[in-house]
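Undergrad: Spelled out, the chains give:
There are 2 protein chains.
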Amino acid sequence: MKANAVLDYLKACRKKHLDTLIRYASFPSISAQSSHAGDMRACSDWLRNHCESIGLSARLVETPGHPVVMATTRRISRSGSAKDRPHFVLYGHYDVQPPEPLELWKSDPFKPTVRQGALFARGASDNKGQHLAHLNAIEAYLRTGTPLPCDVTFLIEGEEEVGSDHLPKVVRKHRRELACDAMVISDTGMPSRECPALTYSLRGLAALEIHVQGPDRDLHSGLYGGAVNNPAMALAQVLAQVRDARGRIVIPGFYDGVRPLTAVERGHARRLPHSPEAIRKMLGVPALFGEQGYTEYEQRTARPTFEINGLTSGYQGEGSKTIIPSWASAKITMRLVPGQNPAKIKEAACRYLQSICPPSVRLTLKKGHDGEPYWVDPTGPTSAACLRALEKAFGKPPVLLREGGSIPIVNTFSRELGVDVLLLGLALPDDNLHSPNEKFDLENYYRGSVLSAELWPELAISTKG
Amino acid sequence: MKANAVLDYLKACRKKHLDTLIRYASFPSISAQSSHAGDMRACSDWLRNHCESIGLSARLVETPGHPVVMATTRRISRSGSAKDRPHFVLYGHYDVQPPEPLELWKSDPFKPTVRQGALFARGASDNKGQHLAHLNAIEAYLRTGTPLPCDVTFLIEGEEEVGSDHLPKVVRKHRRELACDAMVISDTGMPSRECPALTYSLRGLAALEIHVQGPDRDLHSGLYGGAVNNPAMALAQVLAQVRDARGRIVIPGFYDGVRPLTAVERGHARRLPHSPEAIRKMLGVPALFGEQGYTEYEQRTARPTFEINGLTSGYQGEGSKTIIPSWASAKITMRLVPGQNPAKIKEAACRYLQSICPPSVRLTLKKGHDGEPYWVDPTGPTSAACLRALEKAFGKPPVLLREGGSIPIVNTFSRELGVDVLLLGLALPDDNLHSPNEKFDLENYYRGSVLSAELWPELAISTKG
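Chains as they are written, first to last, in our numbering: chain A, 1 to 465; chain B, 1001 to 1465.
Simulated from the structure, these hints should not be mistaken for laboratory data.
Think of the CB as a built atom: it goes at the ideal place given N, C-alpha and C, for glycine as much as any other residue.
Any given hint could turn out to be false.
[To be verified] Facing chain B, according to a computed beta carbon distance under 10 Å, are these residues of chain A, among others:
#1 Gly222
#2 Ala227
#3 Lys321
#4 Ser406
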């Protein structure tokens, strides 16, 4: 069977592929620091060359910031149309987080070092190692002459760690070239090496700022205290009425459309390594607290929240200042789940907050940014393809994962390209992403390339019928 | 009648006394600004000399800061004891607030200027003009050879605007010299020129800081939001439970000992010029708010409060940051009324706040400074003496006033000397204390000296029997 040639190649090339990752991870491609602009350029040049060296046609797409590397298996015909076979796009990023504080690193963040079966380097796991695993798989197909059942285009940007500001425009401009049957992103995690995972749900976001205006200046609390409402107290009383004692948000309509967890989902959730006590300890809180009737995992992935991100009012310096503050404000972000519409929820929140504001102060609301929740049907054909590939590559039954966070580019892709975005994360929980001593597990690096090798045929099948 | 000589002298000397005030107010005696140390010294020297020039024995009492001017009618005998007649102490301060912003002054703050029947100068009303009125009255007694029925000692400090840090020690050190039958302070206000007033009640103070600790660091609100209590929300819910919808503080025991307003007090309160709508407009709030069952004047003078002076939590910069803050805090001062004990109230507040804190966060309390409420029996003999003198001097029935603020030195005097402290304020509501264009009404300056002339005999009578 031809597939064996691909897997044999991957097995045979483990050392070579490690060397490639070591080379790649040695670029200090820190997008946030302008002093590293030259390194960003060198890294993107290296990546384009590497893609070409394995047989892809690759180029840099320039942006006002750092370039995007685009590399594809496609051979575009002279008429400009691609061959009529499935096409998938794999997204990744070659930029990395700043490595500081340097003194906490056991080895130089840009001198990749193997220890305990892992490669320690900034960017090893986030995200160079993860998309390189996919490139290794494509290399295996191309070098062994194994026909790919589909085309794959790599879209590797250099601004993920600074907000992906220029990516939406690149996607929009190259929409025809990026038109595909599904997208794959390996930039999230799996619960453990024994627990390969497909992430099928992300929470969205809706930001608000609440401003409660009282008197037109700070007042002497002795002269006026008692006869005028304190805006900080008014704000506290408004905020307190948002969540009840059972942890439910009482904004009318808040839970409208929220998908209840299915038996299948709860079954998958039960298989996750899970210890509320360990999480409690890790966070350093005296007790966990969340919406009654849901597990801690469900609370932070499948249920929406109303979080206060910041409070500001009056005097915040040393000692005391006897004033009634003129105003008080709160920054809010609501985490939303699939089924909720950020604009509608924001509207409902504003209506409710206005309705409970006492007449002795003025409440104004400033709507902030949105992020749509994301959802791929975990029982759909692309999900099924991913689960089959995961099981083959890792030899363990995979789990379906919900993530509590948001990944804004997922919405960009989903909106611009209109396809499922499949999140097949290879990072382990202890990979120290964004922290000192980031590492990428070498077994996961290898399994990731096997996953990729298994994935394309499975995905190609999923598009038929 | 001899008293006529005193009053005639005051009437005859109006121009001369205006010139004295102009001279006195021309010293930029700004205690807060070290560049004015020389002016402070010159001002205190001038004041001591002035006191001596009118016949008092005067001296400077040095402190680590600015000196205190002490001047007395007393002739201390060789044995060290004073003559056996009533003794009263008048407190005032020769330091002034900084005049900034200078561009808002219509005339130079230290070139005293007469306009519209008032003298415009920094310190004219707060407090040079007010205690100078008393010095003018004593001058009238001494210059006309009218026997004073008592001794009067002036204690004029130079650090009132910077916290009177050294005054308690001076009072303690000179306790025997300052031992007296009552103290008089003219450093507050009267509601209008038609409404001379004795202030018989001040609110006290108890400061607290509430800290609500959640996770041991700021958390990603996507990854953890929903499963861990948000400390800012916990703080809001704790604070919200302190005051009910009727404006009452629900801390158990909070109102224990609070004196209900008597019919006499409410009668006096009704005579005050009073317009809640004017106050609402002046403060710029959509509606006033306070404890039900009390007028706005009663709410801010005769009822205790629980004020939030400041709120701090999480992210307060531009835009949003999607965190669960690690902690949230609130600065609190409770304004207390006569009958309440600051230490006990603080204890009750701490107990209540701890009792309503949810188990998912840790609440800690830091007790701040205290200030005792102050109270002089408005039906007692010293109050009666003041009311008689006020009526004689202003020709109008005086009112009894409660003040919502605190005057810490009043407690110092009350504690150290154990006597009634009588607050006979001469400032008008539009005197712009601490603001640009401070002024002192010249009619009030004159009436103040008449009040002082009438006051000493009345007070001397009040001590008999």
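Undergrad: Could you tell me which of the numbered hints above are not met by this structure, giving the numbers in increasing order?
TA: Nothing - there is no hint that the structure violates, so all of them hold.
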